[in-house]
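> Be aware that the sequence shown starts at 1, since it is given in the UniProt record's numbering, and climbs by one per residue.
These are calculated hints, taken from the structure and not from any lab test. Check each hint, because a few of them may be wrong.
[Said to hold, decoys possible] Straight-line alpha carbon distances no greater than 20 Å define the calculated SDA-like cross-link-like pairs of lysine to any residue that follow: (1) K702 to N450; (2) K276 to L201; (3) K166 to K654; (4) K662 to G482; (5) K145 to L676; (6) K276 to S200; (7) K577 to I212; (8) K668 to M476; (9) K166 to H177; (10) K654 to C151; (11) K660 to N450; (12) K578 to T223; (13) K86 to T696; (14) K645 to D163; (15) K673 to H331; (16) K147 to K660; (17) K294 to E184; (18) K578 to E214; (19) K278 to D204; (20) K359 to K654; (21) K638 to E649; (22) K325 to A666; (23) K360 to F687; (24) K562 to L574; (25) K664 to E480; (26) K276 to E214; (27) K83 to Q692; (28) K343 to Q131; (29) K359 to L127; (30) K327 to Y122; (31) K278 to K294.
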Amino acid sequence: MSFYSRGRQEPGFPRLSGSPKHVDRSLTNLEDEIERLVNNRSAPPAAGEGSPYRNAYGKGMPSKKIMQDLHDQVKLYQKEVEKKDKLIQELSRSDPDKRHVTIAPPGYSHESFYRNAKSVDYNRNELSLLQHRNEQLETELKELKGKFVSCEVQLREAEADNDRFKDDNHRQNALIHTLKQRVEELQTVSVSNGEHALNSLQQDARQQQERIFELESRIRNLTDEREEAEQKTQSWQRKFGEITLHLQRTMSVEEEEPETLVEKIKTILSENLTLKGKLATLEESLSSTELESKASRETIQRLVNELDREQKTYLSNATLVEKMKLKSNEHQREKERLADEIKLLRDRLDSNENAWLSKKHELDSHHSTVSSLNQDIKTAQFEAQVANSELKALKESLAGILGDRDLASEPHGDVIKERVKQLRIEHQEQEGHVDGLRSQIKLLTEQVENQSTLHQAALQRAKNAELQSSDFKSRMRLLEDGLSSSDALRDGMKVERQKYMAFLQKMANIMGMDEICHDLGFDMNGDTLLARAEQLMRREGDTIVDKSSHVYTLQRKLKTLKQQLESKDLHLDLMRKKIAALEEGMAGRTNIQREKEDYEFSYKKLIKENDRLRGDLGDAKKIILELKSGMLNVSNLKLSSYSQKSEIEELIKKVEQLEKAKEKQARKLAGMKHELEYSEEEANQSFQKAEQTVMTLSAELKTTKALLAEIQHREHQLQDFRQVIARMLGLDVSVLAIPDYEIISKLEKLIQAHHSNTITTLGLEHSLGNMERGFRQGYTEASSLLGSMPKTKIRSPSPARKKVHHPQVY
Numbered sequence: 001m002s003f004y005s006r007g008r009q010e011p012g013f014p015r016l017s018g019s020p021k022h023v024d025r026s027l028t029n030l031e032d033e034i035e036r037l038v039n040n041r042s043a044p045p046a047a048g049e050g051s052p053y054r055n056a057y058g059k060g061m062p063s064k065k066i067m068q069d070l071h072d073q074v075k076l077y078q079k080e081v082e083k084k085d086k087l088i089q090e091l092s093r094s095d096p097d098k099r100h101v102t103i104a105p106p107g108y109s110h111e112s113f114y115r116n117a118k119s120v121d122y123n124r125n126e127l128s129l130l131q132h133r134n135e136q137l138e139t140e141l142k143e144l145k146g147k148f149v150s151c152e153v154q155l156r157e158a159e160a161d162n163d164r165f166k167d168d169n170h171r172q173n174a175l176i177h178t179l180k181q182r183v184e185e186l187q188t189v190s191v192s193n194g195e196h197a198l199n200s201l202q203q204d205a206r207q208q209q210e211r212i213f214e215l216e217s218r219i220r221n222l223t224d225e226r227e228e229a230e231q232k233t234q235s236w237q238r239k240f241g242e243i244t245l246h247l248q249r250t251m252s253v254e255e256e257e258p259e260t261l262v263e264k265i266k267t268i269l270s271e272n273l274t275l276k277g278k279l280a281t282l283e284e285s286l287s288s289t290e291l292e293s294k295a296s297r298e299t300i301q302r303l304v305n306e307l308d309r310e311q312k313t314y315l316s317n318a319t320l321v322e323k324m325k326l327k328s329n330e331h332q333r334e335k336e337r338l339a340d341e342i343k344l345l346r347d348r349l350d351s352n353e354n355a356w357l358s359k360k361h362e363l364d365s366h367h368s369t370v371s372s373l374n375q376d377i378k379t380a381q382f383e384a385q386v387a388n389s390e391l392k393a394l395k396e397s398l399a400g401i402l403g404d405r406d407l408a409s410e411p412h413g414d415v416i417k418e419r420v421k422q423l424r425i426e427h428q429e430q431e432g433h434v435d436g437l438r439s440q441i442k443l444l445t446e447q448v449e450n451q452s453t454l455h456q457a458a459l460q461r462a463k464n465a466e467l468q469s470s471d472f473k474s475r476m477r478l479l480e481d482g483l484s485s486s487d488a489l490r491d492g493m494k495v496e497r498q499k500y501m502a503f504l505q506k507m508a509n510i511m512g513m514d515e516i517c518h519d520l521g522f523d524m525n526g527d528t529l530l531a532r533a534e535q536l537m538r539r540e541g542d543t544i545v546d547k548s549s550h551v552y553t554l555q556r557k558l559k560t561l562k563q564q565l566e567s568k569d570l571h572l573d574l575m576r577k578k579i580a581a582l583e584e585g586m587a588g589r590t591n592i593q594r595e596k597e598d599y600e601f602s603y604k605k606l607i608k609e610n611d612r613l614r615g616d617l618g619d620a621k622k623i624i625l626e627l628k629s630g631m632l633n634v635s636n637l638k639l640s641s642y643s644q645k646s647e648i649e650e651l652i653k654k655v656e657q658l659e660k661a662k663e664k665q666a667r668k669l670a671g672m673k674h675e676l677e678y679s680e681e682e683a684n685q686s687f688q689k690a691e692q693t694v695m696t697l698s699a700e701l702k703t704t705k706a707l708l709a710e711i712q713h714r715e716h717q718l719q720d721f722r723q724v725i726a727r728m729l730g731l732d733v734s735v736l737a738i739p740d741y742e743i744i745s746k747l748e749k750l751i752q753a754h755h756s757n758t759i760t761t762l763g764l765e766h767s768l769g770n771m772e773r774g775f776r777q778g779y780t781e782a783s784s785l786l787g788s789m790p791k792t793k794i795r796s797p798s799p800a801r802k803k804v805h806h807p808q809v810y
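Please take these sequences and the hints and turn them into a complete structure.
The following block contains the structure:
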């Protein structure tokens, strides 16, 4: 026992801090070994119940030197754990592509690797779930992008329709302007022609009435003159001579015949009449020009007012177009912003894929380290076998040396008892320490369970997020179904609109509106056709009424003219009779005959003039009909402009509806984007929490690994101490599994023998002869070894200590 008190360690003593690779071999069997030791302690032999030293074995601790070595190994393990923690922190801070794992194998075990593999598989599954969810979100973004593109296409179609309507409006405005010009020209022509015709007819009627009155007055005068002529024939003849002379003088006529004078007077009278007619016509043309100028002023004022209204409408349409352009620019900016967000999401997805690849590389590196650790375990097993063979020889020599010291020195029974008691106390303390470690292990398991519950909560939240995403998908499907139904309805409406447009075109062809429809582009509605039909009905009724009234007036005029002609014929007959009587009764019959011829000539002229006036009246009626048709066209144009205004208002309403739908879509996109960002943040938080839990679990596993390694090392020390004592007692532990109670009984026998030997030293040889063969052999080997070696020599370190382990970098 003085060998232990000196703390000497010969070569071949059980290694306390040898190659760290031997720790992995016994981590899996730690609990089995502890239970076996407890069961062995709880089953002592029956013969030793009264002994005070029962259950003393297995509770001892090594000497101070061994404790110092244990403390050194604990410090080394702590340093390695700190290095690993620093490495984990560096890996967590560095980029995923640049991470390398340095695994120090001393504290590594199959159990920890199994747990790490489970955590890696779990992280991999979670990463695959996140990747699947990210793909789903990408598909949703693509669907939203497609919907946004369809909305843009609809907007472009609306803009194209608006441009088309603007072109139609410009074309209609041009057509309206040309039609207004035509109407104005027709109005001016009709007014001028109608007024001229009416004025000429009125003038002719007045002239005829004046002529009739003059003729009647002349007839009366002629009758009076006929009576006076009989009395003043002679005076007239004298005066006639004087007048003829005077006329010849005034007219510078040299001929004395009266016929030449009469012809000259007739020419003068005819010229006078023509000049009077010209004067009347000039006055009538002046009045007509004044009326035309007044009408033109009114039309110009009306056109100016209409031009102001058209300018106001054009300005309002221009403002609407500018608003639409601004809104389209805003939509374009929104589209670019969404494209940038999609790019950011893709970048995030790429980063997640890179992180997954880095995790995969780390897992491959873990697999490679596992293979290297298996090789290290095999080498450690071989080294353990070599060490066991060396320990056998050393323990046998120590048993022999212990026996020699007991023989050579003073009795050591009390020392052995004290040493055994001290070992028992230290073993009890160690059991308390083991119990404390077990409680710590329980606390660690509880913490692991808490972490697992937290992880399950995170999984639950992820499931909830997936449910929310499924709800969003269902909502998106409903919206897509609504859009598809609206597209189908729109296609049906387009077909119905085409049929309706064909029907309207046929109706326009039937109603005689081909030219207007061609100019307007056939963009008509039912109201205009209804107005056209009502107008045709009214026109037909008006024409019938006008025709009947006109025919009635013409009949009345014809009757009056016939009556006038009959009265004129009667007057002419009377005149003829009177003229015949005068011709028979007067000598100046030639003048009356000439007047009669003049009357006949004027009558023929009046008949021709009447025929001409009738023709002019028919032409005026035709012109009036054309003017009415022009007015009908004007009313049609007004109706078309009204329909265009209504269509423009409908288009504005449609544009407003499209803007509202666009705003709704923008709000929906913003909400979906917010939800997507929220889900991404939750996924990132869950991923970070999972990484933190993995880091904490890895740190806790490292600490538990270090504690288990220390416990295993102490167990190995106790096992070595048991084997040393068994070999000192002559028991072959390598061949048979010797229970603890047998070793304790041997020790008791040895102690009893030592007590007896101290009383009687003379019986030492006899007692040694009664010892077993193995104890003697160990004693002789140990004595020979001690004789060949200096006593102050310190045990050299084992070859395993000289090995320098270079951790591999993966």
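> Against each hint, give a clear statement of whether it holds in the structure.
Do the hints match the structure? See the list:
no.	hint	verdict
1	K702 to N450	holds, 18 Å
2	K276 to L201	holds, 16 Å
3	K166 to K654	holds, 15 Å
4	K662 to G482	holds, 15 Å
5	K145 to L676	holds, 14 Å
6	K276 to S200	holds, 14 Å
7	K577 to I212	holds, 18 Å
8	K668 to M476	holds, 10 Å
9	K166 to H177	holds, 16 Å
10	K654 to C151	holds, 14 Å
11	K660 to N450	violated, 52 Å
12	K578 to T223	holds, 8 Å
13	K86 to T696	holds, 14 Å
14	K645 to D163	holds, 15 Å
15	K673 to H331	holds, 16 Å
16	K147 to K660	holds, 16 Å
17	K294 to E184	holds, 13 Å
18	K578 to E214	holds, 17 Å
19	K278 to D204	holds, 13 Å
20	K359 to K654	violated, 55 Å
21	K638 to E649	holds, 16 Å
22	K325 to A666	holds, 18 Å
23	K360 to F687	holds, 16 Å
24	K562 to L574	holds, 18 Å
25	K664 to E480	holds, 15 Å
26	K276 to E214	holds, 16 Å
27	K83 to Q692	holds, 19 Å
28	K343 to Q131	holds, 17 Å
29	K359 to L127	holds, 10 Å
30	K327 to Y122	violated, 50 Å
31	K278 to K294	violated, 24 Å
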